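Here the structure of chain A is known, so what remains is to put chain B in place on it, guided by the hints.
Listed below are the residues making up each chain.
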Amino acid sequence: MAVITISRGAFSLGKIVAEKVAERLHYDVISREILLDASTRFNVPEIKLEKAIHDAPGILERYRHSKQSYVAYIRSALVERIINDNVVYNGLAGHLLIKGLPHVLKVRITANIESRVAIEMERNQIPAQEARILIQEDDKQRLKWTHALYDHDPRDASLYDLCIFIDKLSVDNAVDFICRAAESEAFRATDKNKQKIKDLATACRVKATLVDEFPNIAVTCEYGNVLVYISKDQATGKLIKKLNTIRDNMNDIYHLETHTGVPVPTDAV
Amino acid sequence: MPIIIISSDVRDIEEKIAKEVALMMDYQLLDRRVLPDIEMRHQIDPGKLSESMETTPSVFKKMTSRQWRYYLACIEANVFEALLKDKIVCWGLSAHLFTTNVSHAMKVRILSINNWNSGKNSEQKGGTSQGADKLIAEKVQQRKKWSMTAYNHDETDPSGYDLVINLDQIDPVEAVKTITNAVEYLKFQPMTYSIKCLSDLALAAKVNVRLLKHMVDIKVQARDGSVVVLTKASNRQKRKKIAAIKDLAGSIEGVRYVEVHVKKNILGETAGNSF
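Protein chains in written order, with my numbering: chain A, 1 to 269; chain B, 1 to 275.
One should not assume that every hint holds.
[As the list claims (entries may be wrong)] Simulated restraints on C-beta separations: (1) GLN142/B - GLY100/A: 26 to 32 Å; (2) GLN189/B - LYS198/A: 44 to 50 Å; (3) ALA148/A - ASP12/B: 35 to 41 Å; (4) GLN141/B - ASP267/A: 24 to 30 Å; (5) ALA148/A - GLN189/B: 40 to 46 Å; (6) PRO190/B - ARG123/A: 29 to 35 Å; (7) GLY100/A - THR149/B: 32 to 38 Å; (8) LYS48/A - ASP26/B: 54 to 60 Å.
No wet-lab data here; the hints were simulated from the structure.
No experiment lies behind these values; they were computed from the predicted model shown.
We put the CB at the ideal spot given by N, CA and C, even for glycine.
For reference, chain A alone in the conformation it holds in the complex (with noise of 0.2 Å):
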């Protein structure tokens, strides 16, 4: 079985397909229900990190660090929602926030921008115009997001599994398309991708315990084995004093060590 995300574009017709293909495989469809998790986990209103994980951060955010201390809490929400399997996750950012994971199948909708307007103006009853002005904000938003936060934009194909174009095909052909790769061998969740998944769990919860504090640090797993890469500056007795109770609090770490002014590895979170 599978994790499957779809990434969309506003009006894309991606949570029908997500819903189609959740249906037919049997699988939970998550999307704003991260939010609410993160919300209550990290205790942070749902709001910000709504505004966190959608706009692009602003000029001052890029200095206090929070949307990467919010969207740190978001990945670890969802990573800890998709560790049993079987979800079709349609919220944003999806294929970057669980990216790494081979059993992870990355799927991408894109629509015209005609039949997006389309849409929009029939489900908010708004002139094409404003539909259209809209429409292309929320792109705008999402392209500056991915490259702030990503250094990505979120159109390059090479992010995803499957590219689908919507308009040509309907949106069963779309489901089939998804449940058709998702169910292939190549996306079996096997025990080592299972294993995958709980390390970055793990990895997750290390890094949204800290980056408040220590925004610029970086943390891998593997096996229960956790790697945080900090800078020289910041290996103070605060953040070492920080990581003893970590390791002391979560039981599947089974080692936690620091490396200082090393390259941080691509798969660290």
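Same frame as chain A, but now just chain B:
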């Protein structure tokens, strides 16, 4: 039957997938092996068409912009002619860039750069993975530039395709099955409108080749045998050019009426050059 057009960032993969799909569907393959025939038909030097598909014209290269446009037009016209025959899997000829309006042409992009790069390619060339990354990034940029110059369309933009499959995780066999299944969908079945659209494009391409052999700044549209040619000319040459276009285009089989729209060519006016 539908037409399947395969495009990829890696030529080997493009060929492999196209061949597998053609074999499975019992379709004909249309690829660069047709180029020598086209060269012979249009009396073009051997290898020039292949070169035109890889490079863009520049003042430092031997191929001028005029020649380059003519070579591409020749390829386009012949590809359209072949596509009219149906049951075709086309690859390596950039057909996805000039068949955007043909709804029964299923356009599939296969991505496999990471797979290919991290595996055999970097090892075979004895280089580092970073070096191979750089090489591939340059190649992608080159293709992007080529497609933008030739057809004003970014080849790497996923919205130009019906389906993009990344082979980093998906097995090529699975990708082939996905493509062959998708061909059965109603949306890819030839309809009266899409067949007409393809034959109009084929006629326009045929007229384009004939005109580009003799002149530059030509854009051709065709509909039900009526051809509209957009061009540029100075005031002095306007009448002469219109007559020449009508003469050349009118002699092509299938053309019933030719309409020429001329824009004023300010540069031509001062230089006083020919077509």
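Original post:
For which of the previously enumerated hints does the structure constitute a violation, in increasing order of number?
Top reply: none
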